[in-house]
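Enquirer: Now for the letters of each chain:
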Amino acid sequence: MEIIERASIGLKVENFSKSYDSVKVLNDISIEVEPGEIFVIMGPSGSGKSVLLKHVAGLEIPNNGRILIDGKDISDPKTRTQVHMALIFQAGALFNSMSVFDNLALYPREHRLYNKKTLRGKVMKALETLSLEDAAEKFPSQLSGGMRKRVAIARALVMEPELILYDEPTSELDPTMGATISEIIADLRAEFGVTSLVVSHDRDLALTIADRVAILMDGDLLEVDTPENINKTENPRVKDFLNPVIDIKNPRFKKKEYSR
Amino acid sequence: MKQINNILEHFGSTIILCIRSFYYLPTLPRQWHRLIEHCYLIGYTTFPIVAILSFFIGSVLALQAGYSLEAVAAQDFIGALVGLSLARELAPVMTSILVAGRVGSAISAELATMKVYQEVDALVTMNIPPERMLVMPRLVAVLIMMPVLTICANLIGWVGGAVIAQNVDFIQLDTRIYFDGIRNFVTFRDIVDGLIKAEIFGFCIILISCNVGLRTVGGPREIGGSVTRAVVISLILILILDYFVTNALMKI
Amino acid sequence: MSNTLNAARVGLFFILGVVLIWVVYQALGEGVFFREDGYRVTAQFDDLKQLKVGDEVRMAGVRIGSISETRLVRGRGEAVMTIQPGVDIPEDSVATISMAGLLGSNFIGIRVGESEVNLAEGDSLTTRSTPDFNEAFATLGDMTERVEGFFDDISRAIAEITGDEDDDGLVRNLNAMVTENRENLRETLENLRGVSDALATGEGTLGKLIHDDEAYESLMNIGRDFESTAAAANELFADLREIVTQVKSGEGTIGALLYDEDTAGEIRRIARNLGEVSDKLAAGEGTLGRLLADDTLYHDLQAVLQKAERTIDGLGDQGPITAVGITANALF
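Residue numbers (the working numbering), protein chains in the order written: chain A, 1 to 260; chain B, 1 to 252; chain C, 1 to 332.
No lab work stands behind these hints: they were computed from the structure.
Cβ coordinates follow ideal geometry from the N, Cα and C atoms, glycine included.
Each hint should be verified, as a subset may be incorrect.
[To be verified] Derived pair list, reagent style BS3-like, types lysine-lysine, alpha-carbon separation capped at 30 Å:
id	chain 1	residue 1	chain 2	residue 2
1	A	Lys78	A	Lys54
2	A	Lys24	B	Lys2
3	A	Lys54	B	Lys2
4	A	Lys138	A	Lys54
5	A	Lys116	A	Lys138
6	C	Lys49	B	Lys251
7	A	Lys239	A	Lys254
8	A	Lys239	A	Lys24
9	A	Lys54	A	Lys72
10	A	Lys72	A	Lys12
11	B	Lys251	C	Lys52
12	A	Lys54	A	Lys249
[Stated by the list, open to error] The following label-pair restraints were derived from C-beta to C-beta distances:
id	chain 1	residue 1	chain 2	residue 2	range
13	B	Gln166	C	Arg74	37 to 47 Å
14	B	Ile252	C	Leu12	27 to 37 Å
15	C	Val19	B	Phe11	30 to 40 Å
16	B	Leu8	A	Lys249	51 to 61 Å
[As the list claims (entries may be wrong)] Derived coverage of chain A by chain B (criterion: at least 3 residues anywhere in the stretch with Cβ under 8 Å from a Cβ of chain B; other residues may be distant):
id	region
17	57-67
18	77-88
19	94-107
Model the full assembly from the supplied sequences, consistent with the hints where possible.
Expert: Have a look at this one:
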């Protein structure tokens, strides 16, 4: 398998802050992801995980601080051509007007990477990796949610990235499919040594495949540690987030401190 | 104040989009298939409605001209009147309005959908500039197709006028005289002026539709809003530009 | 969606557009594609008016060719016409510049001649300039003067005649002359009456020319009529002068003339008629003066003239001249 030939790269977020209008979303975040690591950012909905990911992908510009990929600032347009990075969107963000094959082939075609035959081989290999060979000629609207996510991952694979960013890869999927995706993420790392930054609130994914886990709540970074240590944390908010107890007598939504 | 700011922002972003798109013009040869596709959508599929509309515009012009000129026994000028109004004004403007309604709306809807469903973001992360892939081929396609649509509109409109002028009871103008009127009063310069106008309008329509589409923020609901905005801005701009472009062309 | 098929459609559509633009370019007279083949004849005019390349050449109202070139030859405008092959133009045919519509383009109208020999390539057509309203009215003015002069003579003669009742010699002589020439005189008087009636109604014809449908005849013809009328009148005046001179010189017997009630009555009536005509023409002179002085009216009348002339040539539409008058007023 020679899809990935490049060495994986590291990622560094330095004193990163972001606010929309006057609402602070992320507050002074610093993270360092080692090359070849699976780094999972966990947090409840609305904690700013996806915003962080968008900034790492360079889709938005931070108010404060900077994001370095392989030591290069992502806000510099040149970085994008030097670093091979793929973002897997929560909803897949497949091009609806193109077939699965064309979706995968778009990147190499636009960048004129291979000749026709090589391109076809590469795309089919990526589809095989995720057992999607039969879906090649289908359109995104004909696919199930799980397949769409897998196509999105396959599309990222064709780009031969050194860094893959996953935005909620297991959300909206049934538990089996969620587990499958988790396995794929781990497998890709094992096979190609790609650095993975995963944003998720899937506890199983985080605790099984992650090398390190960061907990993000209300724009603040609460903990960064290995899954084992995170699981043993004494922080009540983290504890409640990771092991929520459904208490009908004393419902959470009636407690003041958790209402947002 | 906020409104003015908004308008200026729209204006500025449109110009930036235009410049960025043309920066990627050299990539056109390898986007050949996209150019063909957009030419097909902008030109070929719009042609039937342009044909129908211009035929009836020509007809109604001839009818009105015949009705009014009959009073002074100057029916011979129907050809000149229909020919000039179509060539200089109605063919380019009506074609542009149809392109705005049919193509502009479709483009803004498509781009807004792509934006809302993060396809545009996906392109950016793939290091494919949306201007290059989504905007530039459309701009080139409209520049290629507008003159073709407009000249068709001209000719079909003339024929429509001729049919009416000949067959309506109180006009009954011989087709020969009708076309002589056109030949005597319409110059090729008039036609070219019309084509230039159509080019400018078509270009603006596509640019605005792309810009509005790509600037869509929010959920699916915003897609509809973007389409409306794109069409409204296009229509207003066509009619305002029409005055200034016509004025400028008359002075050249 | 088949990409190749779309590419073909777009390609064809684009080619169609280019072809259409080219066709329009050619058709609007700026290209060479629509240039007709045929033989070329020339015609020289003092004034080509608004004739331009591409205008029609018509014979008896039928389009037979077009103007392919206009140029200046020794101070005269020359139009080069391309005539459709198969159309023969007798060599004594006459070309005139006419107007197709009120504001429409000019064309060359060819009045067919009778010659057996037809024009060939490069030949030149005889031309005639279209009548000028100025000229027509100048002739009319001339005639008016002469008529007035004659009326002066005749009224003086009548005064002499009525004043010299006692002059037996004159009366007798006149009587003798009248008796001798009774038939001639009667004829002459009838002619005179005819002329005077014609003149009397002629005044109305001028009005009709502008206001009445039926009376719109060719101004060409009217002009010619005027001329011939003037000539006829001249002749008559000469005759009458002779008679008057004879009367003055005392030849014939005036008594006989005076006893002849019919003749006397007729003379009075003629005198009255002529007086009226002269009055009307005298008044008309003022109007003419105004017409000639006023540019706008002149243009109106010129348009009317051309319209009328076109009608004579049998080329124009049958639109009522009233409408043309209104249009002319409205449009100029």
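Enquirer: Please work out if Lys78(A) and Lys54(A) have their alpha carbons no farther apart than 30 Å.
Expert: At roughly 18 Å apart (the allowed maximum being 30 Å), Lys54(A) and Lys78(A) satisfy the hint.
Enquirer: Is 51 to 61 Å right for how far apart the beta carbons of Leu8(B) and Lys249(A) are?
Expert: Cβ of Leu8(B) to Cβ of Lys249(A): about 58 Å, so the range 51 to 61 Å holds.
Enquirer: Are Ile252(B) and Leu12(C) spaced within 27 to 37 Å by their CB atoms?
Expert: About 33 Å separates the Cβ atoms of Ile252(B) and Leu12(C), which means 27 to 37 Å holds.
Enquirer: Given the hint that Lys24(A) pairs with Lys2(B), test it: the Cα-Cα distance must not exceed 30 Å.
Expert: Holds, at about 23 Å.
Enquirer: Count the residues of the region 94-107 of chain A whose Cβ falls closer than 8 Å to any Cβ of chain B, and tell me whether that reaches three.
Expert: holds (count 6)
Enquirer: Given the proposed pairing of Lys116(A) with Lys138(A), does the C-alpha separation stay at or below 30 Å?
Expert: Given that 30 Å is the threshold and the Cα spacing comes to 20 Å, the pair holds.
Enquirer: For the pair supplied as a hint, Lys54(A) and Lys72(A), is the alpha-carbon distance within the 30 Å limit?
Expert: Holds, at about 17 Å.
Enquirer: Are the Cα positions of Lys54(A) and Lys2(B) separated by 30 Å at most?
Expert: Measuring from Cα to Cα gives roughly 28 Å; hence the hint holds.
Enquirer: Are there three or more residues in the region 77-88 of chain A whose C-beta lies closer than 8 Å to some C-beta of chain B?
Expert: holds (count 5)
Enquirer: Taking only the CA atoms, is the gap from Lys239(A) to Lys24(A) under or equal to 30 Å?
Expert: holds, 24 Å
Enquirer: Taken at face value, is the distance from the CA of Lys254(A) to the CA of Lys239(A) at most 30 Å?
Expert: Status holds; Cα separation ~19 Å.
Enquirer: Hey, Lys49(C) versus Lys251(B), does the alpha-carbon distance stay inside 30 Å?
Expert: The given pair, whose Cα atoms are some 28 Å apart, holds under the 30 Å limit.
The structure shown violates just one earlier hint, number 12.
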